[in-house]
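Protein chains: 2
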Amino acid sequence: QGTRDHPPAQTALRDRLLSAVVSCFKRHGAAAIDTPVLELRETLMGKYGEDTKLIYELQDQGGELLALRYDLTVPFARYLAMNKVTNMKRYHVAKVYRRDNPATTRGRYREFYQCDFDIAGQFDPMIPDAECLKIVHEILSDLQLGDFVIKVNDRRILNGVFAVCGVPESKFIPACSTVDKLDKVPWEEVRSEMVGEKGLSPEAADRIGEYVQLHGGLDLIERLLQDPKLSQNKLAKEGLGDMKLLFEYLTLFGITGKISFDLSLARGLDYYTGVIFEAVLLHQENEHVEEPVSVGSVAGGGRYDGLVGMFDPKGRKVPCVGVSIGIERIFSILEQKLEASGEKLRTTETQVLVATPQKHLLPARLKLISELWDAGIKAEMLYKKDPKLLKQLQYCEDTGIPLAAIVGEQELADGVVKLRDVATREEVRM
Amino acid sequence: QGTRDHPPAQTALRDRLLSAVVSCFKRHGAAAIDTPVLELRETLMGKYGEDTKLIYELQDQGGELLALRYDLTVPFARYLAMNKVTNMKRYHVAKVYRRDNPATTRGRYREFYQCDFDIAGQFDPMIPDAECLKIVHEILSDLQLGDFVIKVNDRRILNGVFAVCGVPESKFIPACSTVDKLDKVPWEEVRSEMVGEKGLSPEAADRIGEYVQLHGGLDLIERLLQDPKLSQNKLAKEGLGDMKLLFEYLTLFGITGKISFDLSLARGLDYYTGVIFEAVLLHQENEHVEEPVSVGSVAGGGRYDGLVGMFDPKGRKVPCVGVSIGIERIFSILEQKLEASGEKLRTTETQVLVATPQKHLLPARLKLISELWDAGIKAEMLYKKDPKLLKQLQYCEDTGIPLAAIVGEQELADGVVKLRDVATREEVRM
Chain A
1 QGTRDHPPAQ TALRDRLLSA VVSCFKRHGA AAIDTPVLEL RETLMGKYGE
51 DTKLIYELQD QGGELLALRY DLTVPFARYL AMNKVTNMKR YHVAKVYRRD
101 NPATTRGRYR EFYQCDFDIA GQFDPMIPDA ECLKIVHEIL SDLQLGDFVI
151 KVNDRRILNG VFAVCGVPES KFIPACSTVD KLDKVPWEEV RSEMVGEKGL
201 SPEAADRIGE YVQLHGGLDL IERLLQDPKL SQNKLAKEGL GDMKLLFEYL
251 TLFGITGKIS FDLSLARGLD YYTGVIFEAV LLHQENEHVE EPVSVGSVAG
301 GGRYDGLVGM FDPKGRKVPC VGVSIGIERI FSILEQKLEA SGEKLRTTET
351 QVLVATPQKH LLPARLKLIS ELWDAGIKAE MLYKKDPKLL KQLQYCEDTG
401 IPLAAIVGEQ ELADGVVKLR DVATREEVRM
Chain B
1 QGTRDHPPAQ TALRDRLLSA VVSCFKRHGA AAIDTPVLEL RETLMGKYGE
51 DTKLIYELQD QGGELLALRY DLTVPFARYL AMNKVTNMKR YHVAKVYRRD
101 NPATTRGRYR EFYQCDFDIA GQFDPMIPDA ECLKIVHEIL SDLQLGDFVI
151 KVNDRRILNG VFAVCGVPES KFIPACSTVD KLDKVPWEEV RSEMVGEKGL
201 SPEAADRIGE YVQLHGGLDL IERLLQDPKL SQNKLAKEGL GDMKLLFEYL
251 TLFGITGKIS FDLSLARGLD YYTGVIFEAV LLHQENEHVE EPVSVGSVAG
301 GGRYDGLVGM FDPKGRKVPC VGVSIGIERI FSILEQKLEA SGEKLRTTET
351 QVLVATPQKH LLPARLKLIS ELWDAGIKAE MLYKKDPKLL KQLQYCEDTG
401 IPLAAIVGEQ ELADGVVKLR DVATREEVRM
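If you read the sequences in order, they're chains A and B. Residue 50 in the working numbering is what sits at position 50 of the first sequence, and the numbering runs on without skipping anything. Residue 182 in the working numbering is what sits at position 182 of the second sequence, and the numbering runs on without skipping anything.
Only chain A is shown next, with the shape it has when bound in the complex (with noise of 0.2 Å):
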């Protein structure tokens, strides 16, 4: 249950996605690492708030307690803190589990892939957090998905709004993950889940209401630099400083147009310290409607200067920030938009079809398709020993292959090989 099998024509859609993707991540310097898809249970543990329970565990049937991993951040992490590297800029590929309660058609799965970006060292604040707004511009331009908007945040930002309207700081973590429902729920219900559940008072909600429905870009990080009372927070100051600058490098990036500094911002994880980011697409039904309507998001990070030092014996810190494309998402919109187009994806390369004409010639083929093989050329035959040529041509039609090279006795006996484009049934003796 919520996990599939890929087909070859799905398969082929998704390599195509992943290999834009993995090149973007190239483009910008990462190396590839690969981590197990076992990690031990106490390194998940603590990791991932309410959503441990989601965890796949592994039977103990002697030996470690293992899970499967969660996500891919974890393990780099892990992975840093064990090798000691305080310096690197990786990208990871890979499958990831959650016993979610899954929603295949939204693309929502039990085993689905995630691509990770991430840049580990300490560096100049803000140059690398650009870069991964950068990377996330990027990719969604090339995969031409429709028009975007980026969402950007920073936890120390929340943290001093939230202190600011008098939230006790024990409550912090529980606040901004109902902060985070505001793209689904209107701020009414928010509100009420802030002083129900989370026991918030109802003065402390409305102010934090005031601050989190705000988003804007230079313009309101300005503002809020003069805010009487989040300017005198050192957390919120930190944070809009740092903002302000991300501002600055997105501009000389040129793409701001498309950043908004949305204060509704939270992210779900407990790990993120500084700067969050999501993007989500934004679908027009038609062109006089004049709220765009988000269709979801299909990409997000943020900064984790503290998850290494949890791995670390003696708590050394190793600033992170990294970015997750949500490739399971947009893979079910490409699949959309092929399927509306009516275009068929070959599932092979194969260039060319080796037949014969008439029967007793298999040696004839093996021979010939041995050398294309040995050539590198690819190249694909019948497996019986007297296919009809009709059977052979429709086989090219169907999959694909553009060339026929067929040998009948004719050829044999000439020694030379007649060269068929598919399409155009024109043929040249070489």
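Incorrect hints may have been included.
Here are the simulated lysine-lysine pairs, DSS-like style, with alpha carbons at most 27 Å apart [claimed, not checked]:
no. : chain 1 : residue 1 : chain 2 : residue 2
1   : B       : Lys258    : A       : Lys53
2   : A       : Lys388    : B       : Lys258
3   : A       : Lys244    : B       : Lys359
4   : A       : Lys84     : B       : Lys385
5   : B       : Lys391    : A       : Lys84
6   : B       : Lys84     : A       : Lys26
7   : B       : Lys344    : A       : Lys26
8   : B       : Lys234    : A       : Lys384
9   : B       : Lys317    : A       : Lys385
10  : A       : Lys317    : A       : Lys234
11  : B       : Lys244    : A       : Lys95
12  : B       : Lys84     : A       : Lys385
13  : A       : Lys84     : B       : Lys388
14  : A       : Lys384    : B       : Lys258
Ranges between beta-carbon positions, derived for each pair [unchecked claim]:
no. : chain 1 : residue 1 : chain 2 : residue 2 : range
15  : A       : Asp60     : B       : Glu397    : 42 to 52 Å
16  : B       : Leu65     : A       : Leu218    : 27 to 37 Å
17  : B       : Gly146    : A       : Gly315    : 43 to 53 Å
18  : B       : Leu65     : A       : Thr399    : 51 to 61 Å
19  : B       : Asp142    : A       : Leu218    : 36 to 46 Å
20  : A       : Asp142    : B       : Gly309    : 40 to 50 Å
21  : A       : Lys84     : B       : Glu371    : 52 to 62 Å
22  : B       : Asp421    : A       : Asp60     : 22 to 32 Å
23  : A       : Gly315    : B       : Glu397    : 43 to 53 Å
24  : A       : Thr86     : B       : Arg346    : 38 to 48 Å
25  : B       : Ser231    : A       : Val428    : 45 to 55 Å
Hints listed in this document are in silico derivations from the structure and should not be mistaken for laboratory results. Ideal Cβ positions, reconstructed from N, Cα and C, are used throughout, including at glycine.
Starting from the known structure of chain A, fit chain B onto it as the hints suggest.
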């Protein structure tokens, strides 16, 4: 235990190896499929004989009982049956899981890659089987691993041998797994296991011994076809007839020089029904050694005509033959070769480092690198506001980046970029 992280240098080497294998599979017209790492436990049960105990099971957390796949063949057969596919040429490169005693120095892990190519469908005899052997030959030749031999046998010939030697049919499978040890231990030990543990009569064991120590080529096939006892056995006769046909096809492919018909080859798995084969590397300690020493199997496979039927509710069979490339052992060999050669594999593909020679030029670097990325050029920069030029050039040398694009105050004023060849120190303004 028995798993490992792949750091960038290993991942780069493995990617190179996998891409050589995949390009051979594509050259033979295979399509890719992908199946989940998780399978239903019941799917895997009863397929691997004694090795069933090595299957990793997931904890029962409610819902289906799951296990990690043990190989790619059983999931492929399950896929064919579930989707009623009766005709397919596919490859699959993915990780499999075995709770075995790891021997990591010899490349034996609990999580490892398999690279499988299989042909499913009802075809004329031995044509797909011959192609599988051609694929092994191509891959091992391409990778330049040194001399190798591909041993070939047929389960029907082995079963015929057992029958004419007086072994009851119920003991064919145990006898088979004992014969399989002949490549590691001498005949005397195999014989005593047959008589002791497997309960064969000493006379039967001796008669088996006369057959299973034979190996050769077409001549041996002809001799056995004339063997007064074996030629009377229906299964053996069928197997020998097909083996002769196989050798004809392999002669047309020009690869019989590396093929040995070897009656001691048995292969461990239960599901084989016809041709079986295994490729081993030959390692010559010095030129005067007469018998080359085998360094172990690097590829294997065979025909399994009954497996798909086990997953079909009506038991409909789909004949299959396939090959699995032992990528981990090959990887170990390539790694040692690379180390011995002193060659350093690049872990990134970065073409150019964007550098500045003076302070306060971060904006110029960000603007230029952004243009390069947008033009599809693989570019990096240091994540420092004001790095020293020497440090930047040092980074190029350390990571193998061939070019540096330098923008200083002068270049900015002139509207040019200075492109420097890191190795030759040659510079051009452009």
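Hint check:
{"no.": "1", "hint": "B:Lys258 - A:Lys53", "in the structure": "violated, 54 Å"}
{"no.": "2", "hint": "A:Lys388 - B:Lys258", "in the structure": "violated, 33 Å"}
{"no.": "3", "hint": "A:Lys244 - B:Lys359", "in the structure": "holds, 21 Å"}
{"no.": "4", "hint": "A:Lys84 - B:Lys385", "in the structure": "holds, 25 Å"}
{"no.": "5", "hint": "B:Lys391 - A:Lys84", "in the structure": "holds, 22 Å"}
{"no.": "6", "hint": "B:Lys84 - A:Lys26", "in the structure": "violated, 40 Å"}
{"no.": "7", "hint": "B:Lys344 - A:Lys26", "in the structure": "holds, 19 Å"}
{"no.": "8", "hint": "B:Lys234 - A:Lys384", "in the structure": "holds, 24 Å"}
{"no.": "9", "hint": "B:Lys317 - A:Lys385", "in the structure": "holds, 22 Å"}
{"no.": "10", "hint": "A:Lys317 - A:Lys234", "in the structure": "holds, 21 Å"}
{"no.": "11", "hint": "B:Lys244 - A:Lys95", "in the structure": "violated, 45 Å"}
{"no.": "12", "hint": "B:Lys84 - A:Lys385", "in the structure": "holds, 25 Å"}
{"no.": "13", "hint": "A:Lys84 - B:Lys388", "in the structure": "holds, 26 Å"}
{"no.": "14", "hint": "A:Lys384 - B:Lys258", "in the structure": "holds, 26 Å"}
{"no.": "15", "hint": "A:Asp60 - B:Glu397: 42 to 52 Å", "in the structure": "holds, 50 Å"}
{"no.": "16", "hint": "B:Leu65 - A:Leu218: 27 to 37 Å", "in the structure": "violated, 56 Å"}
{"no.": "17", "hint": "B:Gly146 - A:Gly315: 43 to 53 Å", "in the structure": "holds, 49 Å"}
{"no.": "18", "hint": "B:Leu65 - A:Thr399: 51 to 61 Å", "in the structure": "violated, 39 Å"}
{"no.": "19", "hint": "B:Asp142 - A:Leu218: 36 to 46 Å", "in the structure": "violated, 56 Å"}
{"no.": "20", "hint": "A:Asp142 - B:Gly309: 40 to 50 Å", "in the structure": "holds, 45 Å"}
{"no.": "21", "hint": "A:Lys84 - B:Glu371: 52 to 62 Å", "in the structure": "violated, 36 Å"}
{"no.": "22", "hint": "B:Asp421 - A:Asp60: 22 to 32 Å", "in the structure": "violated, 58 Å"}
{"no.": "23", "hint": "A:Gly315 - B:Glu397: 43 to 53 Å", "in the structure": "violated, 34 Å"}
{"no.": "24", "hint": "A:Thr86 - B:Arg346: 38 to 48 Å", "in the structure": "violated, 21 Å"}
{"no.": "25", "hint": "B:Ser231 - A:Val428: 45 to 55 Å", "in the structure": "holds, 50 Å"}
Consistency note: the structure conflicts with the earlier hints numbered 1, 2, 6, 11, 16, 18, 19, 21, 22, 23 and 24.
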